[in-house]
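Asker: As a plain string of letters, each chain reads:
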Amino acid sequence: MRVPRKKVHDVLVIGSGASGGWVAKEVAERGLTVLMLEAGPPRIPTRDFTEHVWPYQLKFRGFGDQRRLLQNQPVQRLCYACDEYSHQFFVNDLENPYTFPVDKPFMWIRGRQIGGKTFCWARESYRYSDNEFKAATRDGYGEDWPISYKELEPYYDHVESYIGVSGSREGLSQMPDGQFLPPMELSCGGALAKKVIGAKFGWRVIPDRVANLTTEHRGRPACHYCDQCQRGCYTASYFNSPSVTLPAAARTGKLTLVSDAVVSDLIVDRTGRAEGVHYIDRITHEHREAYARAVVVAAGALESTRILLNSRPPSHPQGIGNSTGVLGKYLMDHFTIEGGGGYMPTLRSSKREPVGRPCGFLIPKYVNAGGKDDRNSNFIRGYRFDGDGSQELYGHAFLLPEFGNQWRERVKKDIPYYFAIEAQGECLPREDNFVRLDPNKKDAWGIPVLHINASYGDNDKAMAVAMRNHVAAIVDEMKLADVSMPRNELSIFGKNIHECGTARMGDKPDKSVVDRNCKVHDAPNVFVTDGAVFTTQGCYEPTLTIMAISARAGEHIAETFRRGEL
Amino acid sequence: MAIASQKRRTTAPLLRNSEIAELLALAADSAKMPLQKALRRASRKAYLWPEEVMSLLDQGRSLLELPAVGPHLTRLITSWIENPPEVPSPPEIRRGFLTLPEARAELKKKPEFASAVKGDLQMHTQWCDGSGTIEDMARAAAERHYQYIAITDHSKGLKIAGGIDEEQLKRQAQEIESVNSSLQAEGVRVQVLRSIELNLTPSGQGDMDPRSLRDLDVVLGCFHSSLRKKEDQTERYLAALRNPDIQILGHPRGRIYNFRLGLTADWERVFALAAELDKAVEIDGYPDRQDLNVDLLKLARKAGCRISLGTDSHDPLQLRFIEYSLAAASKAGVHPDRVLNFMTAGELRKWVSSVRGS
Chain G
1 MRVPRKKVHD VLVIGSGASG GWVAKEVAER GLTVLMLEAG PPRIPTRDFT EHVWPYQLKF
61 RGFGDQRRLL QNQPVQRLCY ACDEYSHQFF VNDLENPYTF PVDKPFMWIR GRQIGGKTFC
121 WARESYRYSD NEFKAATRDG YGEDWPISYK ELEPYYDHVE SYIGVSGSRE GLSQMPDGQF
181 LPPMELSCGG ALAKKVIGAK FGWRVIPDRV ANLTTEHRGR PACHYCDQCQ RGCYTASYFN
241 SPSVTLPAAA RTGKLTLVSD AVVSDLIVDR TGRAEGVHYI DRITHEHREA YARAVVVAAG
301 ALESTRILLN SRPPSHPQGI GNSTGVLGKY LMDHFTIEGG GGYMPTLRSS KREPVGRPCG
361 FLIPKYVNAG GKDDRNSNFI RGYRFDGDGS QELYGHAFLL PEFGNQWRER VKKDIPYYFA
421 IEAQGECLPR EDNFVRLDPN KKDAWGIPVL HINASYGDND KAMAVAMRNH VAAIVDEMKL
481 ADVSMPRNEL SIFGKNIHEC GTARMGDKPD KSVVDRNCKV HDAPNVFVTD GAVFTTQGCY
541 EPTLTIMAIS ARAGEHIAET FRRGEL
Chain A
1 MAIASQKRRT TAPLLRNSEI AELLALAADS AKMPLQKALR RASRKAYLWP EEVMSLLDQG
61 RSLLELPAVG PHLTRLITSW IENPPEVPSP PEIRRGFLTL PEARAELKKK PEFASAVKGD
121 LQMHTQWCDG SGTIEDMARA AAERHYQYIA ITDHSKGLKI AGGIDEEQLK RQAQEIESVN
181 SSLQAEGVRV QVLRSIELNL TPSGQGDMDP RSLRDLDVVL GCFHSSLRKK EDQTERYLAA
241 LRNPDIQILG HPRGRIYNFR LGLTADWERV FALAAELDKA VEIDGYPDRQ DLNVDLLKLA
301 RKAGCRISLG TDSHDPLQLR FIEYSLAAAS KAGVHPDRVL NFMTAGELRK WVSSVRGS
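Residue numbers (the numbering used here), protein chains in the order written: chain G, 1 to 566; chain A, 1 to 358.
Everything labelled a hint here was simulated from the structure, so no lab data went into it.
No more than 27 angstroms apart at the CA atoms, straight line, and that leaves these computed lysine-lysine pairs for BS3-like:
1) A:Lys-109 <-> A:Lys-302
2) G:Lys-461 <-> G:Lys-372
3) A:Lys-118 <-> G:Lys-104
4) G:Lys-479 <-> G:Lys-195
5) G:Lys-413 <-> G:Lys-479
6) G:Lys-442 <-> A:Lys-170
7) A:Lys-350 <-> G:Lys-104
8) A:Lys-110 <-> A:Lys-302
9) A:Lys-350 <-> G:Lys-441
10) G:Lys-511 <-> G:Lys-461
11) G:Lys-104 <-> G:Lys-441
12) A:Lys-45 <-> A:Lys-331
13) A:Lys-331 <-> A:Lys-298
14) G:Lys-441 <-> A:Lys-170
15) A:Lys-298 <-> A:Lys-230
If the Cβ cut is set under 8 angstroms, some of the chain G residues that face chain A in the computed set are:
16) Gln-71
17) Val-102
18) Pro-105
19) Ile-492
A virtual CB, placed ideally from N, CA and C, is assigned to each residue, including glycine.
The shape of chain A in the complex, shown without the other chains (with noise of 0.2 angstroms):
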């Protein structure tokens, strides 16, 4: 197989990743569980994939290397490979993704881009629904040599992630303090700073006790709820980004792939006030999420405001999401002022200050 595969060797691959992405998630409609759920999966999972297939086969390496796929989508997908068929333009629900090669390949252009980033600002740990804790992060950061790190665990309300109430973020932060000072007498140079994936209502307000938000490094909103709704939802964004409470608009829209559509708004409005009260939206860097898109993030590089690079990492594995973030505001095109990671800690909290401020 791979013989024949490397006649066929062209430089741009007759599939990609994308495109086996696209096939498995529509053969996952007309197939029966379980295999209905696998197909799915690995349709999730092909934006994961670090090579493209095509490249994969043509160095005779076998399709079992990436994550779900097993021998009979190996088969699947060589046959696939060895008989291309025509791939459709995929629907919404899938719409706006990049695979990791694509990722890759826009961050090879940039170079400068990618070594700019000093830190994250969304992730989780086994405070709520991550299964890392504060210190594995900040050793993990440490390793990507980033100067910070925000811990943004859920808030009360959203009790399906096992949000924290105010006296548990008092408790976090004497771990934060704990780890921060561990790490520095060794030497290690990431800070830990504290903030919180905070709920937002739909009328954009949070659910914690403002005054304990009062003491966070920086405070991230996000939508969790009444996330299919198909009418224009721009008031929401609105209300949210006047809520003096955050500073970041996170996972903007509440797309998920292949499983939910998000939201739409009047897009235009939204950066313009965000750029406006000088707050940032965020470029949800987990796979599945996106959030928000290439096509999204061009207008608001158009209305100039700033934007906030956070994996929503759920392990400190999954702090190479980041390149995910990265690409998707390199292609956009967003100038590297307008984005908060590539300022130092201080930087970022002189103007979370300023934003409080007003």
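Same shape as in the complex, but just chain G (with noise of 0.2 angstroms):
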């Protein structure tokens, strides 16, 4: 009888996401044959975007079919972009459950789709500097990340021209400047606060780094300013994979990508090798597998660190990557300070202000930054604020009284400015913020679910009373009217989808998962390049930085292939 011989492909990435994307096109680039596995489904224009959809088109008016969110998505829907528009971005918590100690909530979010969650990301785009990355030589806390500013500056400089980010130059050194499309303006109550807050606290106030085009690049439409991001975008305006890095990585010819491919495990040989991965089709549950030279995991931090987990071949009991008990541990996921805010009196128009910019501004982290003014002693590390000033399009209608053409009239005279700030402090790594498999609990494909065992330590809470006072000084500096401020509780774990850690990176194997190039220490060809490996979090949005580890990492496996070593 003839065995049909299996296909082996170069590499296989598990995830079609920021991070997988950007392996992905790497390495087909460098002339690699690539296999993609994708949880979820495709994702098509016509049928899942609700761009330019106005409430009236919608069955429930946008309010959302309360219970079946309710009953399909009762953790997701707690997010703020999952809603009638955008749920279908979002998981079936139904399927994907997770276990975690009462005393300690925590908000899974995720999307399971070709893209992941680059359909629904707030696309801000700022680097880490050596204030990240060498924290812990300079505050003496934890470990420093194996890599330094300058071995990823030319992968920032890679990604932010490729995906194109718009952003102002500004010459901080606590936040490097990149390769810049023109930013986006500030608003007339952004503006304000610049000059307010500048003038108290000595702060740059800036527009957000987003990744939306300012300007047609790389064949791509500039943005309309319709500010409907989280919905999907037909002009593909935002960065997401399925526009941007998959096509790239399709064009070579060398992709093949699976959807509906629920990665279980790894498949291991008796040497610790990695021979490829045990997949679920999602519709059909039958199980297949799939084999490649070398494999890597791009699925979400948690859901990365949780097929390691599970891989747990003889050579490796404790999970691939797990020989020094580290994986899992160490996660961090930044908290907000959020609901200060009020009316600016003075913006108050008759004439709004044009809508759709889908950014804010942000004002970055001066506290512990290495400057000598904002120094703060309480606690170690830092924070940044972001805030927008606006007009809304017809919110203020249902705040105002009267009925009848009186009350028409006045709502379209009368158009508050409403002005808003939060603040995102960094979250320690610490321990005993870990991440395991629960032993009773499955998935929907039969798989070991994540008991998550996360909270805010001392330090973390004692930032945010200094993020809290601080907030609460700017909205009282700005002179707003109906004045919120902010509240004293620190968000739920998770609530900001920047969960990272788990399987940091580091060049000492006893505490670290991967070494610098994402390599797992204990297997010679796993690679993990998403979220997962961030060795301390800093106060900014992940998702640039994982783009950057991903474009290097897989440089470095295309490299690693052409020695021959793989």
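Each chain sits in its own coordinate frame; assemble them with the hints.
Answerer: Quick look at the structure:
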């Protein structure tokens, strides 16, 4: 009998989001064959995008089918972006459960589809500096990243110039400038905040650096300012992997993309080398296998760690990458202090400021960022602010009493101007913030689910106090009307969807899971390239750094192949 | 007018809200429709007024603030205040109800009592005749810092209240699970418990398949029929308490302010059996019901039976009715360790399983 030869690809990439897309593009463009497995289905713009849809076109007028959301997405619906327009970009919680201790709530927001969470991300793209990469050297807590800003800088350049990031050059040492398209402008409220905050605190208020195009870029048209990014973008004017990196990989002819492939675990030979993966068809629940010379796990920080933990061949009984017990530990997620804001009386007008800018303003990290004035010794690390001033399309009508023509006139003539600001702080990596497999619970495909045990620590809480005081001081200084003060509580762990760590990067195998090239220490051909490898998180959004690391890892993998080592 | 009443300012109001309620009810008896309806409604709502009318007038505030009071009733009530008539003792159908200021004054004396409440054990949702969703009720409970609530929608026999059947009860379980997982992920520390207000026949039997009740965290049993019987109903209560499916006997008497007297029984025997079986009797805090009332609660206290507090809320805002339940328990001297709502959810479950086991 003839046994059919199994097809072996060069590189197998698990996940098609920000990270997987970049790895696939980089290795395919260097001539390697790539098999990409994605747990979710493809999204078809004409069917799944709801851009430019008015509330009256929807069955529930934009308020959402609360009963169905509650039934299928009891956790996902807590995310600000998961509504009647965009719930399709989020997982079904019944199929994808997870557990956590009752006193440590965790909101795990996920997107499973070709493109992962890049459909609904907030597109904020900031570089980390050695403030983040070498934080441990500066304040003595935890571990440094094995790589420095200098080493990652070319990849930041590469990623930014490819995906298109709009931003202003500021020359700040704590947040390096990049290869920017022209910035989006501050709104009137933002401009006023810039003046007031600059004068009072000496801080720079800058437009968000966002992966939205302000000019045509590599064949993609500029943003048309509809401000509905989380519903999908017909013109692909913001970065998502199905519009940018995946087509680039596909153009090489080397990419095979399989959707609806839920990866359960890695197949490992007797020597501890990965041969491929074992996956389950999302729809038919058939079990299948796929083979490759190198495996890249880029399923999103916690999903990647889950796959590694669930891969327990005799050579790695605790899971691949877990020989020293570090896998799953040092989970981080930014915490925010929200709720500060109020109306800007001087900007109330009868003519609306043009709306639709898909960004607000940012105040970079100043506290404990090296400057003398903003040192705070109650905690280590620091925070940054973001906010916006804007006029609503018609939302203020809900708050106006009266009725009839008089009311209609007021809605038209008297448009309030709202200002909101929040602070986002760096969460310290702690060993006792960890994930492990839940021994009792399985997902819809029979794969063990994660038990997530994470809470904010003393340093985080001390920082939150300072964050709140600063937000309150800014709100105060802005002389707002109908002020709402920032909340005291830290946001729930996971809510900011910046979960990072659990397979962190380091030179020492006893303190980390992957090396400087994202290769798992204890397996010769397994790589992790997403947020799981973050050693520290800084206070900035992680996605740009994830992409830079992925591009760098992709290049490294291709080089290793070229040298014949894989 | 405000000045006139300030002159007469005294520490004890000349006319308490309960007395005004009685005067309104009496006035209704001799009034014609539609005034009669307005007077009856105001008489009922007087028990919900948050402040004594006298103190409102002392502060120069308008009576229009009060629910069910319009310009006509403002004039009427003001005339009574200025010239207080003799207020007869109320008939049985209006006797033994606490007004909100009375309840609050009682709770002020025992702040530790009010702060011990960890949950509410009777409320209704859109699944039957309530106006809120399960989530609405849970979020309202979170604002009150509760640890749990029991959703006690009516069972299928009570058609007039949109009672739910076994199949709906099963589907409701899914919604409760979703709400619980949603709230948990968000860090809201309220647990929604599964329960039902089981409709009991006059012979004490439930109207649901007992198997459908086994998964519930707690079961409340209530009479809704033959509530105007004049004869002694002791046997009915004893049968209900012996019904193995229920742990709490809800709004035992079935009385409603100025509408229905409620049933009578040899209460000492009823409470003695409840104590023996370790089952609970309820203080329904709905202002029109206040059932059990303080007098009967004193007997219950002597018998040593467990007490459950339920607001019978049909709307998230009505969770505040817990004050009436609490005040009645406090006034009757109920010992805190007898009150189910002072237990944690875990202790409550343990109690239910011990009652079920016996």
